[in-house]
Amino acid sequence: MADLFTHFAAASLPAAMVRDRRIAALLVIGTFLPDLASKGLYWVTRSAPDFTVPTHSILGLALLSYAAALFVEERLRRPALAALFAGGLLHVAVDLIKDNLGSGSAYLFYPLSTRSTEIPLIDPENVILLVPFDIAVLAFAWILERKRVAVRQ
Amino acid sequence: MSLFGNRRLGWKLAAALAAIAGLGLLSWAKGRSIHPSLWRCMAQPARWDGAGVWLSPALVTASDAGGFEIEMAGVRARVAPAAPVAPGETVALTGTFTAQGPLIRAKEVRKVAESSGSRTLSVAVSIAAVLLVLLNFLRHFAFRPKVAQVEGVD
Numbered sequence: 001m002a003d004l005f006t007h008f009a010a011a012s013l014p015a016a017m018v019r020d021r022r023i024a025a026l027l028v029i030g031t032f033l034p035d036l037a038s039k040g041l042y043w044v045t046r047s048a049p050d051f052t053v054p055t056h057s058i059l060g061l062a063l064l065s066y067a068a069a070l071f072v073e074e075r076l077r078r079p080a081l082a083a084l085f086a087g088g089l090l091h092v093a094v095d096l097i098k099d100n101l102g103s104g105s106a107y108l109f110y111p112l113s114t115r116s117t118e119i120p121l122i123d124p125e126n127v128i129l130l131v132p133f134d135i136a137v138l139a140f141a142w143i144l145e146r147k148r149v150a151v152r153q
Numbered sequence: 154m155s156l157f158g159n160r161r162l163g164w165k166l167a168a169a170l171a172a173i174a175g176l177g178l179l180s181w182a183k184g185r186s187i188h189p190s191l192w193r194c195m196a197q198p199a200r201w202d203g204a205g206v207w208l209s210p211a212l213v214t215a216s217d218a219g220g221f222e223i224e225m226a227g228v229r230a231r232v233a234p235a236a237p238v239a240p241g242e243t244v245a246l247t248g249t250f251t252a253q254g255p256l257i258r259a260k261e262v263r264k265v266a267e268s269s270g271s272r273t274l275s276v277a278v279s280i281a282a283v284l285l286v287l288l289n290f291l292r293h294f295a296f297r298p299k300v301a302q303v304e305g306v307d
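Order-wise, the sequence lines are chains A and B.
Using this note's numbering, the first residue of the first sequence is number 1, and each one after it goes up by one.
Using this note's numbering, the first residue of the second sequence is number 154, and each one after it goes up by one.
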């Protein structure tokens, strides 16, 4: 898992461009969904690590997003599902750049395939080194959002 | 019946959670053979001969010119070829299990920092990020129980 702050920064850019702030909030929540589910299953219910594989697959994310969207008011459920799912996909995309010695951190097409994927760019033991980059991304997202609000006014 | 309507909401939620749990059970069953645990390989070497393994964290217990020895959950195994690791260090490795020996032919080996300050700080930053996001989420989605509404509480 790339640290959650990195995931938060990655989601902030697309969220800054969403007009409805509730949907933007759901997109950011969606980016935490895979790790909240997998770490929750592992640390709270003491599930075997293999049991948590679907939380980082496309089908598993769709089901998780649908379940989470059911907690939102009825008229917002469709856009909520889209936002949560998009956030989840963004999370998995960020996880793909983690160097897991070639074993990958996500089985994207599970259960159709048990092939894991990775594009090893970052050392997962030192993700804290990404914080300055994350802060720069958050600052850029904040500027984008300010400009969007200013244009609307 | 709409997937997003309020009719039979509980059933829809239960179905989604059941589907996720079912996928989890399937991956747990399959996962035992995709990256078998070290103890499985050592218990049935003939069955797991040629299997790809991903082992982390593994404690290095001995090291020499030909390879090194690791221990995981009380099970020891020989790894070849040699790597720049010393006894007492923790590593993550991928490779192939060979019944002859038995032996693990390592493909990649990486040292893992154990409970370093960097990892602790990373966890703290992650938790802080989640809490901040949840606070912002509550700002947009207020939960108002029906009982409170009936009693006129804002």
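Simulated from the structure, these hints should not be mistaken for lab results.
Idealized CB from N, CA, C, for every residue including glycine.
Take the hints with a grain of salt, since some may be wrong.
Said to hold, decoys possible - According to the in silico footprint, chain B covers these stretches of chain A (three or more CB under 8 Å from chain B):
{"#": "1", "segment": "3-17"}
{"#": "2", "segment": "58-71"}
{"#": "3", "segment": "83-97"}
{"#": "4", "segment": "142-149"}
Said to hold, decoys possible - If you want the ones that stay clear, here's a sample from chain B, every Cβ over 12 Å from chain A, calculated:
{"#": "5", "residue": "A167"}
{"#": "6", "residue": "G177"}
{"#": "7", "residue": "G184"}
{"#": "8", "residue": "D202"}
{"#": "9", "residue": "A215"}
{"#": "10", "residue": "G220"}
{"#": "11", "residue": "E224"}
{"#": "12", "residue": "Q253"}
{"#": "13", "residue": "P255"}
{"#": "14", "residue": "E261"}
{"#": "15", "residue": "A281"}
{"#": "16", "residue": "L291"}
Quiz item: Which hint numbers does the structure go against, in order from smallest to largest?
Solution: 3, 4, 5, 6, 7, 14, 15, 16
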